[in-house]
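Colleague: Going down the list, the protein sequences come from chains Z, A, Y and H. Counting in our numbering, the first sequence runs from 1 upward without gaps. Counting in our numbering, the second sequence runs from 359 upward without gaps. Counting in our numbering, the third sequence runs from 717 upward without gaps. Counting in our numbering, the fourth sequence runs from 1036 upward without gaps.
Just so you know, the hints here were simulated from the structure itself, not pulled from any lab data. Predicted model only: the values in this text are computed from it and were never measured. Please note: incorrect hints may appear among the correct ones.
What the hints assert, rightly or not - Simulated pairs of lysine-lysine, PhoX-like, Cα-Cα distance not exceeding 25 Å: (1) H:1328 with A:422; (2) A:373 with H:1065; (3) H:1065 with H:1328; (4) H:1289 with Y:847; (5) H:1297 with H:1218.
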Amino acid sequence: MGKIEKDATSLGTLKPTMSSDLIVQVKKGEPAQELSYQEAIREALREEMIRDEKVFLLGEDIAKHGGAFGVTRTLFDQFGPERVRNTPISENTIAGAATGAALVGMRPVAEIMFVDFSGLAMDQICNQAAKLRFMTGGQCKVPWVLRMAQGGGAGKSTAAQHSQSLEVWYAQIPGLKVVMPSTPYDAKGLMKAAIRDDNPVIYLEQKFLYPFRGLVPDKDYIVPLSKCDIKRTGSDVTVVASGYMVWHAMKAAQQFESEGISVEVVDVCTISPLDEETIGSSASKTGRVVLVAEACRSYGPTGEWGMLVMERAFEYLQAPVVRVTGRNSPVPFADSIENGVWPDTEDVVKAIEKVMSY
Amino acid sequence: MGKIEKDATSLGTLKPTMSSDLIVQVKKGEPAQELSYQEAIREALREEMIRDEKVFLLGEDIAKHGGAFGVTRTLFDQFGPERVRNTPISENTIAGAATGAALVGMRPVAEIMFVDFSGLAMDQICNQAAKLRFMTGGQCKVPWVLRMAQGGGAGKSTAAQHSQSLEVWYAQIPGLKVVMPSTPYDAKGLMKAAIRDDNPVIYLEQKFLYPFRGLVPDKDYIVPLSKCDIKRTGSDVTVVASGYMVWHAMKAAQQFESEGISVEVVDVCTISPLDEETIGSSASKTGRVVLVAEACRSYGPTGEWGMLVMERAFEYLQAPVVRVTGRNSPVPFADSIENGVWPDTEDVVKAIEKVMSY
Amino acid sequence: MDIDKSTLLEMYRRMVRIREFELTATDLFKRGQVKGAIHTYLGQEASGVGICMALRKDDLIAGTHRSHGHNIAKGANPKKMFAEILGKETGYCKGRGGSMHIAAFETGSLGALAVVGAGIPIAVGAALGFKMQGQKRVAVPFTGDAGSNTGNWHEGVNMASSWDLPVVFALENNHYGVSTNIKYTTKIEDLSIRAQSYGIPGVRVDGFDVIAVYEAAVDAVERARSGKGPTLLVTESYRLDGHYAGEPQVYRTKEEVEEYWKKDPIPRFRKHLMSNNIASENDLDGIEKEIKKEMVEAVKFAKESPQPDPDTAFDYIYA
Amino acid sequence: MDIDKSTLLEMYRRMVRIREFELTATDLFKRGQVKGAIHTYLGQEASGVGICMALRKDDLIAGTHRSHGHNIAKGANPKKMFAEILGKETGYCKGRGGSMHIAAFETGSLGALAVVGAGIPIAVGAALGFKMQGQKRVAVPFTGDAGSNTGNWHEGVNMASSWDLPVVFALENNHYGVSTNIKYTTKIEDLSIRAQSYGIPGVRVDGFDVIAVYEAAVDAVERARSGKGPTLLVTESYRLDGHYAGEPQVYRTKEEVEEYWKKDPIPRFRKHLMSNNIASENDLDGIEKEIKKEMVEAVKFAKESPQPDPDTAFDYIYA
Ligand SMILES: Cc1ncc(C[n+]2csc(CCOP(=O)(O)OP(=O)(O)O)c2C)c(N)n1
Ligand SMILES: Cc1ncc(C[n+]2csc(CCOP(=O)(O)OP(=O)(O)O)c2C)c(N)n1
Ligand SMILES: [Mg+2]
Ligand SMILES: [Mg+2]
């Protein structure tokens, strides 16, 4: 099975839309290989399953079929049906069963195919898993990871029930950690950190990013949870973004280089708990801030980030913070109106121009 | 059955903790009667059920029992089992059945006892009801109201699974309207507007407010959806709040009167779609803003409100916006730690002092 | 049961229309002209047609991700369907929904819902609405075998049964949920047993046999319409294509699939019509030719139709 | 089944402990000393005790909003329970949970979950964990009659059965979900029929008869422990108190409740123990006295214990 086949998703073979040179996270000379985002997730799962026999996977069609996007492909052959478990279509029970197994010593990595379907599982995720440790006064812990594909993409239109970005549903709930990797490097490192973490971690995979490739170190490493990552340092303007939006931010940043405008890009790779410090200092340093998120505008993640800038960097602000977000709309099917539902590089460029010219 | 018994809730008889004089919404001489918040909801339901035979209620134990908080008490006797329907414990199906009935011409008012349980119904609410009109290209509409009790209160500790404020889950989803009345006047007027509206409306009842009393006009009236309501005009500082928090804001405002500080209180009685205009103008006018919400701080509603002030009033701001919110924690049971989990008047006072002294 | 000739021929017509629609759609898909996935109904034509032909136009069906067939069975127009799956303003949903969300209220299809099980509570609610308004209409939510493992399914059947609502729960056992054979996720083989949990009749029929399906559906619909409450109707057939067009099917053998092609409901029904002198080979060939022409025209219509105007992007979010 | 004397006496002790705990808690509640609601287990003691006595200490139960009885039946200490329902740092959950969330991992109670049905998936997952780790432990989620209408219940029983997990699904039919008699929300009277939907045994026993419950539970637990998969065990009893202490019960008659008091499982078991010469009146009086003393001490302990230190408000949110 060749590389390209591994990268095929259930909804067609995808091609990355940006150059991987935009983000380099491996030092020159460090032993590394190029992996796609989805391969990076897969390798993290594989390595953790080898390292710790308590780690296992459960979800719909993750076994032979490899999941809707092929992320778990080959793992069933390697680890067998006990540790790579197909479940019935029962999202709430998948999440709840992960909790139960975690309570008795396992370290489950559950999958809900699309974050959209997690509306069925919010009770087990947000009311049970997130709160069990607290409600029992620390008698237990719930070390699981819940993988969900989110956002637009998948190469093709998937319309209103397969395209949402819902990180805020989870970020609003104390007790959960929420991560959203933007690169193969982060995808692997955050997955390893998530699996080793003793809390329930919501791991949001970006459909747009599955085919994106990048260098990933050969060595065992983690990307710590709870930190933002500065993907590019700059001094004139801060762009705060997460997931696929980081790439638009990076591309926009690159375009401003020639104009002598230095853009810092802060990747909110852990959405919650939020690393307020990094966002606050960057904003204080540059005094100009753009926020980018794929989720719907109203009550989306940019609200929190913007308020945070207000709290931590108000006196340094030289312009009002500008945000670039998904449209306040269900995601439509037709191209003509799907185009424009999510931010693109040009939107970020315009926003940077706006804060620079204030 | 006397007034006091009507006001008893399933979790004990409640007493309001603030004077109803703080908010007066009925003009002198206008025919009106004093109702509690829960009576106001009930009378709205009653009047709408009389006005339109398509209006009916469904939910768990709403019939003879009158619901967990007695809101629907007496309606079963008046309208009978067809129009006041006890359901099985099936939250997702309650929401979905409301949608189906709405699609064929009924105007259901469904109840999910506590907003906390709506984690079980998010799919039908957010993926189906909210999107059906859009996904079908306008072939249908979904005119329902979903009542849910939210927040702390109920007179007593109800701990982590009966005390949350989750308006953001719904406010993030286009296609839904989300309202959160703070007074008996608004409770009645918003309920009537919600029932007559052709969209799915999430109607969040504040447990803390059930026993609060206030004047409600005798005449038929509605409070329009999609507007913030200025509960008190002022010129020095704007406090944006919703639900029970409005009362803390009003009390705090009153305390500043003697000091010659004029506080404007903007009640976000419709959380979504958000009336950006009213918040923006008030913030521009006063240049100082405090945001108050009972929900958890991170990724709660104050983020959106704060970002909005940033977008609409940045150049008028004389101090960074300050927010007062629920603690980032599941709600604990014991008094000693439950106290302090939600904002109180003193917290609002301190926040006002902070923005005034910047 | 005596079924009149025109009904039988209409059944055949709709089965062929579904078949041709799916083959044409697959062809378009493979040539990259359809965005998004399509989930075809190949092999299940007799199930949808047998059930929907037992319904009146004003009865309502609720669909799934795999509902091209349900819509056509209920009378939908292939033009507006192709327009929809190509994302055109002339589509049933004005291009907002696409293949997974085709609704056609004008023919009694309240929508294809792509979250498995989601149509059930909605259909139950519609039936409640019918009952409360004294309308003698029936609601039919379709679910797959795998869909019957969802919480929605249990809650919906229970609610409908406890209120004696006019619902026929159509459970189409095509033996797979994506890649997973139902035997791995459900311990029982005969899913109609589940009706007993709700005190309603459970009926299981050969889903390759349109007449058997139709007869069982007529009974169930009659029961519902007369106020006696819901029925669980299980049709046994097979998903002859992958989960979606182009899906590699690594989880089953070619032989298994070929075995099932032998049960193809269309030649079987064709034979029945001929051997019972209901129609001649010529008649049936005529129908097929007519449908093929319909498809060509429908695709042409769809292709020539405009996409939604970007200025209308915010339409239909709120009423 | 031959049950040894010490087991029988321990059953009696636990039943009386539950009864006294609930009466004491109700009394405290009525005097305004308990914050929050309490949902008592009066009338259902034989059900919880019969089931939990069939378990090993390292087997796990998952509770509901009504789980004082389940916890005590599984061996919980009334001191730590009273401390919990008074919101004290010495409570099982350090005052974070209260009456509706008592967990006692030390005795094999993974927690009372106040969202109806929520314990089911969790118990199923625990059983999966047992199986994967080769531990011969069993998980028992308790649900009420009304809880068996939730989607959670269907999904959980289905998953456990398809994986042959060591679960005993305890379904306690006390005939009410808050104010609603189960006959209004479920069409069938014998809920154990629902087992057939999952190809597992369904057993229905008199939930007022602790020995009948125990015997059925022993079989079900043995089946689970030996890898044969889950059982649905329905116990039929009655909720003798309101939904919560002080609840007005406008939906049922005093007569109905009084009729059921005649079936009170405690005097019945007492009579059985005496008439079979397993214990004398004196022995049993002794147990009751002992338990009453235990309650007085437990309440004293709870009252004298401190509330959580406000500085610890952020503890236990994250591990
Ligand atoms: C709640 C939910 N979970 C998962 C999916 C992904 N998914 C789409 S179709 C499908 C299988 C459905 O199988 P079945 O109900 O038998 O219907 P069929 O595809 O065979 O028609 C799955 C898992 C979904 N759409 N919704
Ligand atoms: C999902 C959910 N819906 C509603 C409630 C409110 N509620 C608490 S207990 C209860 C009735 C439960 O009845 P049953 O399952 O029979 O248990 P019992 O109270 O009789 O022990 C309800 C509706 C809840 N806690 N969770
Ligand atoms: Mg199937
Ligand atoms: Mg009960």
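Colleague: Are the hints correct? Go through all of them and say.
Modeller: Now the hints, each set against the structure:
A distance of roughly 40 Å separates the Cα atoms of residue 1328 (chain H) and residue 422 (chain A); the hinted pair therefore is violated under the 25 Å criterion. Of the pairs offered as hints, the one joining residue 373 (chain A) and residue 1065 (chain H) holds, with about 17 Å between alpha carbons and a cut-off of 25 Å not exceeded. Between residue 1065 (chain H) and residue 1328 (chain H) the CA atoms are separated by roughly 21 Å; this keeps the pair inside 25 Å, and the hint holds. For the given pair, residue 1289 (chain H) sits about 34 Å from residue 847 (chain Y) by alpha-carbon distance, which is inconsistent with the 25 Å threshold.
Restraint check for residue 1297 (chain H) and residue 1218 (chain H): satisfied, since their Cα atoms lie roughly 22 Å apart, inside the 25 Å limit.
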